[in-house]
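Enquirer: Residues per chain, in single letters:
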Amino acid sequence: MRVYVNDSDGTNINIRIPTGLLLNRLTALILSKVLTTVPGIPGDIKLSKEQAYLFLKIIKDFKKSHPGWRLVEVHSADGDVVEITL
Amino acid sequence: MENTLGNRIAQFRKEKGFTQEDMAQMLDVSPQAVSKWENDLTCPDISLLPKLAQILGVSVDTLLSGKTEPVAQIVPVEERKDIKDMMLRIIVDSAEGDKVRVNLPLALVQVALDMGMELPQVSGNIALQNIDLRQILELVRQGAIGNLVEVESAEGDTVRIFVE
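Those protein sequence lines, which keep their order, are chains W and P. My numbering puts the first residue of the first sequence at 6, with every later residue one more than the last. My numbering puts the first residue of the second sequence at 3, with every later residue one more than the last.
It is worth saying that the hints were derived from the structure and are not from the lab. Some hints here could point you the wrong way.
As the list claims (entries may be wrong) - For lysine-lysine, the following DSSO-like pairs were computed, each having C-alpha atoms within a straight-line distance of at most 27 Å:
no., chain 1, residue 1, chain 2, residue 2
1, W, K69, P, K16
2, W, K65, P, K86
3, W, K54, P, K16
4, W, K51, W, K65
5, P, K86, W, K51
6, W, K62, P, K86
7, W, K69, P, K86
8, P, K38, W, K68
9, P, K83, W, K51
10, W, K54, P, K86
11, W, K69, P, K38
12, W, K68, P, K83
13, P, K18, W, K62
14, W, K65, P, K83
Said to hold, decoys possible - Negatives, chain W to chain P, calculated, CB over 10 Å:
no., residue
15, M6
16, I20
17, L26
18, L27
19, V43
20, L59
21, I64
22, S70
23, G73
24, V77
25, E78
Each residue gets a CB set at the ideal place from its N, CA and C atoms; glycine is no exception.
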């Protein structure tokens with residue numbers, strides 16, 4: 006997974022994270038706990054660890070068949086860029 | 003203007019508001035390489051085509067052939083892809099000039115809807131509020147692909163939902 010952030014002030018962040026570190030049961034558990042216990046999450050989404058793992062598994066399988074898949078791409082009017090590529 | 007690959011790359015790039023340097027950075031190539039593509043001196047490496055098409059907001063087929071995406075079409079049963087291999091693309095162009103592209107596996111959308119999640123719940127974008135993803139999913143199950151939703155809000159935001 007690659008997270009690329011480039012804002013109009015010149016800040017440039019390019020982080021590469023091994024996908025295996027993210028798309029696993031531990032991440033699913035953490036994600037579930039965060040969504041369940043941390044207040045103020047946009048959308049007030051609650052996921053059990055099984056649901057979170059299902060989400061991550063779908064993402065993992067899709068990534069295999071769609072290499073270079075860009076999940077999110079944001080180009081703001083100010084020139085900021087955020088891209089998340091799996 | 004002749005309808006060459008280079009001309010199409012240039013046209014789509016300009017429509018997106020990217021410079022050649024922007025494109026080069028996004029694709030990890032040199033700006034000179036992008037310039038050569040646009041002048042039909044060289045072609046992009048085949049391995050870059052999916053990413054190039056995604057950056058330009060078109061399909062690889064459109065990029066290579068010049069055929070534009072259909073507004074929407076119904077695919078015969080025997081030609082339909084498994085929903086696990088399909089993608090839902092949400093394209094938001096705000097009136098202020100912000101551009102957001104979200105590419106979601108359709109299987110993920112289906113599971114999220116089954117769990118009771120709704121699109122505005124996670125997006126917060128007013129233009130997406132009246133879009134019923136369940137109906138879009140039902141259309142896809144019936145074989146619909148292409149540009150299924152195009153909405154312009156009162157504020158001038160444009161939302162397109164494209165399934166491929």
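Enquirer: All hints, please: hold or fail.
Expert: Hint check results:
no.: 1; hint: K69/W - K16/P; result: violated, 31 Å
no.: 2; hint: K65/W - K86/P; result: holds, 12 Å
no.: 3; hint: K54/W - K16/P; result: violated, 44 Å
no.: 4; hint: K51/W - K65/W; result: holds, 21 Å
no.: 5; hint: K86/P - K51/W; result: holds, 24 Å
no.: 6; hint: K62/W - K86/P; result: holds, 12 Å
no.: 7; hint: K69/W - K86/P; result: holds, 12 Å
no.: 8; hint: K38/P - K68/W; result: violated, 31 Å
no.: 9; hint: K83/P - K51/W; result: violated, 31 Å
no.: 10; hint: K54/W - K86/P; result: holds, 22 Å
no.: 11; hint: K69/W - K38/P; result: violated, 31 Å
no.: 12; hint: K68/W - K83/P; result: holds, 17 Å
no.: 13; hint: K18/P - K62/W; result: violated, 32 Å
no.: 14; hint: K65/W - K83/P; result: holds, 19 Å
no.: 15; hint: M6; result: holds, 14 Å
no.: 16; hint: I20; result: holds, 15 Å
no.: 17; hint: L26; result: holds, 20 Å
no.: 18; hint: L27; result: holds, 15 Å
no.: 19; hint: V43; result: holds, 15 Å
no.: 20; hint: L59; result: violated, 6 Å
no.: 21; hint: I64; result: violated, 7 Å
no.: 22; hint: S70; result: violated, 6 Å
no.: 23; hint: G73; result: violated, 5 Å
no.: 24; hint: V77; result: violated, 5 Å
no.: 25; hint: E78; result: violated, 4 Å
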